[in-house]
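Trainee: Following the hints, put chain A in place on chain V, whose structure we already have.
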Amino acid sequence: GAGVSQSPSNKVTEKGKDVELRCDPISGHTALYWYRQSLGQGLEFLIYFQGNSAPDKSGLPSDRFSAERTGGSVSTLTIQRTQQEDSAVYLCASSVNWETQYFGPGTRLLVL
Amino acid sequence: GNSVTQMEGPVTLSEEAFLTINCTYTATGYPSLFWYVQYPGEGLQLLLKATKADDKGSNKGFEATYRKETTSFHLEKGSVQVSDSAVYFCALSTSGTYKYIFGTGTRLKVLA
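Just so you know, the sequences run in chain order V and A. So the first sequence is residues 1 to 112, counted in our numbering. So the second sequence is residues 1 to 112, counted in our numbering.
Lysine to any residue pairs mimicking SDA-like chemistry, simulated, CA-CA at most 20 Å apart:
#  : chain 1 : residue 1 : chain 2 : residue 2
1  : V       : Lys57     : A       : Thr94
2  : A       : Lys60     : V       : Tyr102
3  : V       : Lys11     : A       : Gly41
4  : A       : Lys49     : V       : Tyr102
5  : V       : Lys57     : A       : Tyr98
6  : A       : Lys109    : A       : Asn22
7  : A       : Lys52     : V       : Asn97
8  : A       : Lys49     : V       : Thr100
9  : A       : Lys56     : V       : Thr100
10 : V       : Lys11     : A       : Pro40
11 : V       : Lys11     : A       : Glu42
12 : A       : Lys60     : A       : Gln81
13 : A       : Lys60     : V       : Thr100
14 : A       : Lys52     : V       : Thr100
15 : V       : Lys57     : A       : Asn2
16 : V       : Lys15     : V       : Phe65
17 : V       : Lys11     : A       : Gly43
18 : A       : Lys60     : A       : Pro40
Don't read these hints as lab results, they were simulated from the structure.
Excised from the complex, chain V in its bound form:
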C-alpha cells in the first residue's frame, strides 16, 4: 500500500495482559516513529528508529514498554502487564528524512 498501516485498528485487553501493536511503514522510509495520543495529554513521542536501531527510547513511559524493528521495515510496540493508564491511541509514522513524517491510522487500545 501507499501509506503507513497499523494493526490492529482496535484492541481491548484486560489489565495485566501483554499486547503487541504493529506498524508497516511506507516502503523505503528509513525512519520510523511511535507516538501516543491520550485524552488530555496530547501527542507524545515514544521512540524513534533509524533502520533497525533505536537511538532514543527516552519517550517510553516505563520499562513495560518496548519496541523493535526488523529488516528496516515492520515495527512492533509491546506493552507488558498493561495498566488502565495505557489506554490511548498509538500512532506510528515514517519518514525519509527528519522533516515530513507520514502517520498511520493508529491503534486504539483500551485496557479494562
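Mentor: Using the frame of chain V, we list chain A on its own:
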C-alpha cells in the same frame, strides 16, 4: 526546550466563515513547521508545512506563513466548510532531531 503553543478550542464557526488558529513556538535553531489535521476516526494527515522563515505553506485553501520575528505559524482559511471539521495540530521539528513537538490540538466544528 522546544515547545509549541496552540490556541485552546473548540472553535465553532458557521460555514463560509474565516478561520484563524493561532500557533506559536519556541525552538533553538531554525525549525520546520507543520500543520496536521485529524478527521474523526482517522490518523494524522499532513496539511501543510514551511521549512524556512517567510515561507508560506498552503493546501486545500488553508495557508500558514512562517514568521520568525513573532515565532508564529498561524493557520488560516478564508471560507470554511462543514467538511473542515476536525482537530488541527501544529508541530515543529529541528534539524538533527527526529521527533515532532506537537501542540495540544485545536478542535474545529463548522456548522451548516
